[in-house]
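Trainee: Sequences and hints are given; from them, build the entire structure.
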Amino acid sequence: MLAVFLLAQLVRPVETSDFESSVINLVSWIRLCIEILSVVIILLGIAITLYKVFRLVLTPGSEIYNQVRFVFSRYLIMGLEFQLAADIIGTAVSPSWDQLGKLAVIATIRTFLSFFLQYEMKGEKPQVKNTPVDTDADRSREA
371 MLAVFLLAQL VRPVETSDFE SSVINLVSWI RLCIEILSVV IILLGIAITL YKVFRLVLTP
431 GSEIYNQVRF VFSRYLIMGL EFQLAADIIG TAVSPSWDQL GKLAVIATIR TFLSFFLQYE
491 MKGEKPQVKN TPVDTDADRS REA
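The numbering used here puts the first residue of the sequence shown at 371, with every later residue one more than the last.
Don't read these hints as lab results, they were simulated from the structure.
Ideal placement from N, C-alpha and C gives every residue a C-beta, glycine not left out.
Treat the hints with care, as some may be off.
Each computed DMTMM-like pair below joins lysine to aspartate or glutamate, with the alpha-carbon atoms no more than 25 Å apart [as the list claims (entries may be wrong)]:
id, residue 1, residue 2
1, LYS492, GLU451
2, LYS472, GLU451
3, LYS472, GLU405
4, LYS472, GLU390
5, LYS422, GLU490
6, LYS492, ASP468
7, LYS422, GLU451
Simulated DEER-style distance windows between Cβ atoms [what the hints assert, rightly or not]:
id, residue 1, residue 2, range
8, PRO465, TRP399, 13 to 21 Å
9, TYR435, ILE400, 34 to 42 Å
10, SER392, PHE485, 36 to 44 Å
11, THR429, ALA455, 32 to 40 Å
12, ALA455, VAL423, 23 to 31 Å
13, PHE485, SER391, 34 to 42 Å
14, ASP468, VAL441, 35 to 43 Å
15, GLU390, VAL423, 46 to 54 Å
16, VAL441, LEU470, 32 to 40 Å
17, LEU483, ILE400, 22 to 30 Å
18, TRP467, TYR435, 31 to 39 Å
19, GLN488, LEU414, 56 to 64 Å
20, GLN488, ILE459, 39 to 47 Å
21, ALA474, TYR421, 17 to 25 Å
Mentor: Spelled out as structure tokens, the structure:
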């Protein structure tokens with residue numbers, strides 16, 4: 371009889387206090403805000419890149435392709451960093467082995483993506499510095 375009681379105590383669901391529920395809800399909202407911010411950063415990068423690509427297409431002879439890729443890579447890396455931060459914050463509240471395993475895989479993939487994007491950006495940086503940039507100020511002087 372005592373063994374059944376102890377087993378029932380181990381199996382019964384753990385009740386959370388109001389404070390713990392409040393903290394979990396707050397962290398969930400913070401995580402959601404950070405994820406939204408990361409999406410906004412990536413969308414902003416896409417919009418800026420598309421604008422620069424259209425300028426590239428409309429300006430014959432312009433050699434700023436690598437510069438456009440460099441700009442877009444910066445936004446992607448920043449978005450990935452924010453998404454990783456959101457995942458870490460979400461797992462910090464009530465981690466389970468399943469959540470920790472998923473976080474490890476996601477963190478590894480995003481870290482490799484960031485590393486290779488930064489590696490590619492370092493390779494492009496010397497080319498970008500040597501590429502002439504057509505700015506609005508230059509065009510106003512020509513007119």
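Trainee: Does each hint fit the structure? Answer for all of them.
Mentor: Cross-check of the supplied hints:
1. Simply put, LYS492 and GLU451 have alpha-carbon atoms about 18 Å apart, close enough for the 25 Å limit, and the pair holds.
2. Pair hint LYS472 plus GLU451 holds up; C-alpha atoms about 16 Å apart against a cutoff of 25 Å.
3. A threshold of 25 Å between alpha carbons decides the hint, and for LYS472 with GLU405 the separation of about 17 Å falls inside it, so the pair holds.
4. With a C-alpha separation of about 23 Å, the suggested pair LYS472 and GLU390 falls inside the 25 Å cut-off, and the hint holds.
5. Distance check on the hinted pair: LYS422 and GLU490 sit about 19 Å apart at the alpha-carbon level, within 25 Å; holds.
6. For the given pair, LYS492 sits about 36 Å from ASP468 by alpha-carbon distance, which is inconsistent with the 25 Å threshold.
7. Distance check on the hinted pair: LYS422 and GLU451 sit about 24 Å apart at the alpha-carbon level, within 25 Å; holds.
8. Checked against the hint of 13 to 21 Å, the C-beta distance between PRO465 and TRP399 comes to roughly 18 Å, which is consistent with it.
9. The hint said 34 to 42 Å for the Cβ distance between TYR435 and ILE400, and at roughly 38 Å that hint holds.
10. Between SER392 and PHE485 the Cβ separation comes to about 38 Å, which falls inside the hinted range of 36 to 44 Å.
11. Between THR429 and ALA455 the C-beta distance comes to about 38 Å, which sits within the given range of 32 to 40 Å.
12. Roughly 29 Å separates the CB atoms of ALA455 and VAL423, a value that falls within the hinted 23 to 31 Å.
13. Our hint of 34 to 42 Å for PHE485 and SER391 holds, since their Cβ atoms are close to 38 Å apart.
14. For ASP468 and VAL441, the Cβ-Cβ distance of about 38 Å falls inside the hinted range of 35 to 43 Å, so the restraint holds.
15. The beta-carbon spacing between GLU390 and VAL423, approximately 49 Å, falls within the hinted interval of 46 to 54 Å.
16. For the pair VAL441 and LEU470, the beta carbons lie near 35 Å from each other, so the given range of 32 to 40 Å is met.
17. The hinted window of 22 to 30 Å between LEU483 and ILE400 holds, with their beta carbons roughly 23 Å apart.
18. TRP467 and TYR435 have their C-beta atoms about 46 Å apart, which leaves the hinted 31 to 39 Å range violated.
19. At roughly 19 Å, the beta-carbon separation of GLN488 and LEU414 lies outside the given 56 to 64 Å, and the hint is violated.
20. Range check, GLN488 to ILE459: about 23 Å between beta-carbon atoms, so the 39 to 47 Å window is missed.
21. The hinted window of 17 to 25 Å between ALA474 and TYR421 is violated, with their beta carbons roughly 37 Å apart.
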